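K.L.:
Input sequences plus hints: build the corresponding full structure.
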Amino acid sequence: MTFGDYLRLHVAWARRAAEVHAEAADLYSRLAERGMPGLADHRDETLRAIAHMEQVASVNAAQSIAHDEMMAAGGPENSRAYVEYEAMTRRHQELLPRDTLG
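Everything in the sequence shown is counted per our numbering, starting at 1 for the first residue and increasing by one.
Simulated from the structure, these hints should not be mistaken for laboratory data.
Treat the hints with care, as some may be off.
Claimed, not checked - The calculated label-pair distances, taken between Cβ atoms and stated as ranges, are:
id, residue 1, residue 2, range
1, R34, D99, 24 to 30 Å
2, E19, L96, 17 to 23 Å
3, R91, A51, 15 to 21 Å
4, E86, S29, 42 to 48 Å
Since we're looking at a predicted model, the values are computed, not measured.
Idealized CB from N, CA, C, for every residue including glycine.
P.N.:
Listed below in structure tokens is the structure:
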């Protein structure tokens, strides 16, 4: 398994986790409408988590493409491709969520 494959696995996991959390957020909303205390807060926290996971998935998808392109250009042995890959990695790191969800 390549590093790009590993990133794609994490993309799939993050997207699936976001789907499951969306179902939970919907449930929290319906229960909050029925007057259950605290569930509106859980819904809001869950919506933040969904946004976090979707952002991580998008960044990891872009990073997997950057990795594949670097490898197709000769891998780390191609210094220009590697420098471009490192620059793309830094840009992607800046796109990662800063929200700690805590």
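K.L.:
State for each hint whether it applies.
P.N.:
The hints, checked one at a time:
For the hinted restraint 24 to 30 Å between R34 and D99, the CB-CB distance of approximately 29 Å keeps it satisfied. One distance hint, 17 to 23 Å for the beta-carbon pair E19 and L96, holds here, with the actual separation near 21 Å. Between R91 and A51, the C-beta spacing of about 20 Å keeps the proposed range 15 to 21 Å intact. Between E86 and S29 the CB atoms are about 43 Å apart, so this pair conforms to the stated range of 42 to 48 Å.
The structure meets every hint from the earlier list without exception.
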